[in-house]
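So the chains spell out like this:
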Amino acid sequence: MRNEREQMMKQIHRIDFAIHELVLFLDTHPRNVKALQLLEEYRNLRCEKIAEYERRFGNYVAVVDDVKPTEPWGWVKGPWPWENKFMMED
Amino acid sequence: MWKYEKKLQYPINIKNPNPKYAQIIISQYGGPDGELGASMRYLTQRYSMPYDEVKGLLTDIGTEELAHLEMVCAMVYQLTKNLTPEEIKKSGFDKYFVDHTTAVYPVAASGLPWTATYIQAKGDIITDLHEDLAAEQKARTTYDNLLTLIDDPDIREPLKFLRAREIVHYQRFGEALRLSTDKLNSKNFYACNPSFDKNCGK
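Chains as they are written, first to last, in the numbering used here: chain A, 1 to 90; chain B, 1 to 202.
There may be inaccurate statements among the hints.
What the hints assert, rightly or not - Using 16 Å as the maximum straight-line C-alpha spacing, the simulated EDC-like pairs for lysine to aspartate or glutamate come out as follows:
{"hint": "1", "chain 1": "B", "residue 1": "K6", "chain 2": "A", "residue 2": "D66"}
{"hint": "2", "chain 1": "A", "residue 1": "K49", "chain 2": "A", "residue 2": "E83"}
{"hint": "3", "chain 1": "B", "residue 1": "K15", "chain 2": "A", "residue 2": "E83"}
{"hint": "4", "chain 1": "A", "residue 1": "K10", "chain 2": "B", "residue 2": "D151"}
By construction, these hints were calculated from the structure, which means they are not laboratory data.
This is chain B alone, in the form it adopts within the complex:
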């Protein structure tokens, strides 16, 4: 189960609404490498993980990703406050507005809604941890791209925080991979799949 902590992991107080920025930042909520996918990926993969350390790590990082999607949503929410119809039309936010008004709905910057096809749970520890390592790097690149396009410091600071978290998670997943392969046959990690074969690594 989970309990809600009544705070953001990093504070967000944006002075100037900007629907153009909202439309690109929302990709880190509902886009292909966004925080919603990150959270669902790790929390889903936990069940087929054979080792306690990796179960713990996926639970704790998957939970942190929920806090990250909350931060991204808070940014989108604040960036679309108090808009006039004129601003909505001029910024191109009208295409989102017509379906969702100023609700925060999980879509990519292109407008595609979030889908489970963005994530994988393969039931093989090496495959799943590589998926996770790649996911962290893809999210890091997306934050880099957002930082290329956005100059408002009120938005850049939380984006920089989130970018740094991707790097920390990548490091931890790398350790989880090493820790897992250490338990396997060093001549052939793929001789068996410890997520499925009961005697693998024993």
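Only chain A is shown next, with the shape it has when bound in the complex:
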């Protein structure tokens, strides 16, 4: 379960990266139709994946605005991104 959740999270992060790459490309090629189409596809894919993630595992958090106001305040819950998966398990 935990592994599947991590895998899905990774998939979304990969999509985020593709979107970021397209954004940089579009900054210097603002009229490139193919890049705009690809961006549209990745944006839709991201929405689908996040919806699927939330159906299976609950709240998907990218930025603080995504955190639902329930007790206890979830934003502060670790691990934080720089913390090591291997060392956490020790």
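Starting from the known structure of chain A, fit chain B onto it as the hints suggest.
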């Protein structure tokens, strides 16, 4: 303004701490061609940029560099976890430890603290974009040098990712330079400075 995304741009999970590696990798945080300087350089240069495409590019690359310094810091943090005083002395990490314990402070591999003299914002679009192109190549060389010295795959993979980003940014800055010169006098790009002269390129 900015919003924090609670993730690394590329995952970092280092199994074996190594304070010797931490001391050289930290240069890509606070060193002369590191990610802190990269971020500050681009985010600073934005204000005097005359063209929208270049303002956007500097904002987006400058923001990505913040994510890169976070990755470099995560590497240093993980490489200096759970060290014994013996390991600290043996690895030469003691000279850093005495001032910062195992905090992640922006210094070069030589120990020099980060300084704004590592960056430039000249207020001239051609000059600034050349500074940016050079900066990306200098950072790429630094990653190449780190990859020459480091054999742990847990460290090499994120370093290879960061190295590849330098090349992508170089490409985008090259396009920004071309896009800018296209708006200038093709017989003399330096006839005026569009970052300062209001009628330049019009």
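Outcome of the hint check:
{"no.": "1", "hint": "B:K6 <-> A:D66", "in the structure": "11 Å, holds"}
{"no.": "2", "hint": "A:K49 <-> A:E83", "in the structure": "25 Å, violated"}
{"no.": "3", "hint": "B:K15 <-> A:E83", "in the structure": "12 Å, holds"}
{"no.": "4", "hint": "A:K10 <-> B:D151", "in the structure": "25 Å, violated"}
Checked against the numbered hints given earlier, the structure breaks hints 2, 4 and satisfies all the rest.
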